[in-house]
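In the order they appear, the protein sequences are chains B and X. Position one of the first sequence corresponds to residue 0 (numbering that gives the first Met the number 0), numbered consecutively onward. Position one of the second sequence corresponds to residue 0 (numbering that gives the first Met the number 0), numbered consecutively onward.
Warning: the hint list may mix true and false statements.
Reference listing, derived: stretches of chain B covered by chain X, where coverage requires no fewer than 3 residues with Cβ under 8 Å from a Cβ of chain X [as the list claims (entries may be wrong)]:
| # | region |
| --- | --- |
| 1 | 38-46 |
| 2 | 73-86 |
| 3 | 94-106 |
| 4 | 125-132 |
| 5 | 167-178 |
Partner residues are not named here, just some residues of chain B that face chain X (Cβ under 8 Å, in silico) [said to hold, decoys possible]:
| # | residue |
| --- | --- |
| 6 | Thr-34 |
| 7 | Thr-65 |
| 8 | Ala-67 |
Keep in mind the hints are simulated off the structure, nothing from the lab. Keep in mind the model is a prediction, meaning the values are calculated, not measured. Note that CB positions come from ideal geometry on N, CA and C, so glycine has one too.
In case you want the letters, here they are:
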Amino acid sequence: MTRLQRRPSRRRFLARATAFASAAWLAGCDRLSRTEWLPKVLNTVEPLNEGIAKAVGRNAMAQEFTEADLSPTFRSNGTADPGTAEYNAWVASGFVDYRLAVAGMVASPRQFSLAQLRALPARTQITRHDCVEGWSAIAKWKGVPLSAILDLVQPQPGSRYVMFYCADAMTKDGSEIYYESIDLDDAVHPQTILAYDMNDAALPVPNGAPLRLRVERQLGYKHAKYITAIAVVDSFAGIAGGKGGYWEDHGYQWWAGI
Amino acid sequence: MKEHADSVIGVTRVFGREFDTTGYLGLVYGVGGEPVAAAFPPWMMLPGAQWLAMARAWHFFFAWVFLLNGLAFVVYAIASHHLVRDLAPDRADWRGLLGSIRDHLRFRHPAGAAATRYNVLQKLAYLVVIFGLLPMAILMGFALSPWLNALLAGWVDLVGGRQSARALHFIVAWLLVAFVAIHVFQVIVTGLWNNLRSMITGRYRVPVESAHD
């Protein structure tokens, strides 16, 4: 490792002085961010953001692009390969043993093989993926509309959210897995699909094989990859960290339309 | 960040030329004074360390404060005639434009009656900020929202797409920083105490015209 040596220069001294002079102000702001109450105050605008967005565009359709707009590369963010023994076996066999379990508050829980999902009505869309980190990329997605799955399993009265559980562990010991949730408005939106193809080929492992969510009007972290189970629920308060998703449990907003 | 045999420095490359910006850009000193590889020093950021989730919480809360405050100001400025009376340049202003630029470059500031009203460059700067940069910041912020993108298909393409909108959002932010820097500089050099008092109480001591004017 490189050892940092300080060259005695006025410039370096000034930089240091600025750093120390601002330490008090900094410490104050950082302490604020770490209080219980401040994030609560800051997040009071969340329902406002979501409410207004819903009011003005509940049924709006995300912009769709053409083949000419496809990005040459589509980054893999977060997990690039779940790498568990079960997942590796699926990859080796071309996902023939993979099953998507759909359960929760539904009249008829079901399991779907990849072939069964591919046999259902499909939707193809070229859309832009917007990451919370700022980058975006355009790809072509083909998959089964989530509404078609819900029609088959029949959500019961009182259902409010659809949960997505993923094959990728977010901690070494597997204590946290990636998961996400969306409300029923988004679940039945025509562009909300469970994608199994990307750019006219089977969804690659780095992008969530064999099945990932596309929920086009929200940021990338909502688009759960490696989905193995779906559950319809009336509340996610008792699930994992209780905030409705892996990143939500780590401070990110549940409604990710901005 | 660049590593040499004996030291690490922060480097900023502008059009192929490299500048040592250690302490400010590239390599900064963290909250405890320790060197950190980061774009900006902690004192320029909120929160100080890289913490995107918390940064978004601050951003969206103060975006509302900014929007409501801005709307209130614009409504008040129109209703009270502040906009037409004090901010809109009149014909004399436009005629004096070149002279005003000259005066500013020589740091010659208006005295007498002229000091009690905004000069033409001041008016234009305020109008550009109020009706250009600030609405642009909001609009380009909207352009970064996938949900708001969907409201009117293709509207973000008008500025060249989402990444262009993102660049514009940041460029506008830095232009606002530049405006504030110049604004505060002018407040200080034209009489800090007199200016501050007039902002708060309305009492302003008019600078006397010097002999050579």
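Hints versus structure:
1. 38-46: Coverage by chain X holds here, the residue count being 7 at a Cβ distance below 8 Å.
2. 73-86: violated (count 0)
3. 94-106: violated (count 0)
4. 125-132: holds (count 4)
5. 167-178: violated (count 0)
6. Thr-34: Violated. Min distance 11 Å.
7. Thr-65: 12 Å, violated
8. Ala-67: It is violated, given that the least Cβ distance between Ala-67 of chain B and chain X is near 13 Å, above 8 Å.
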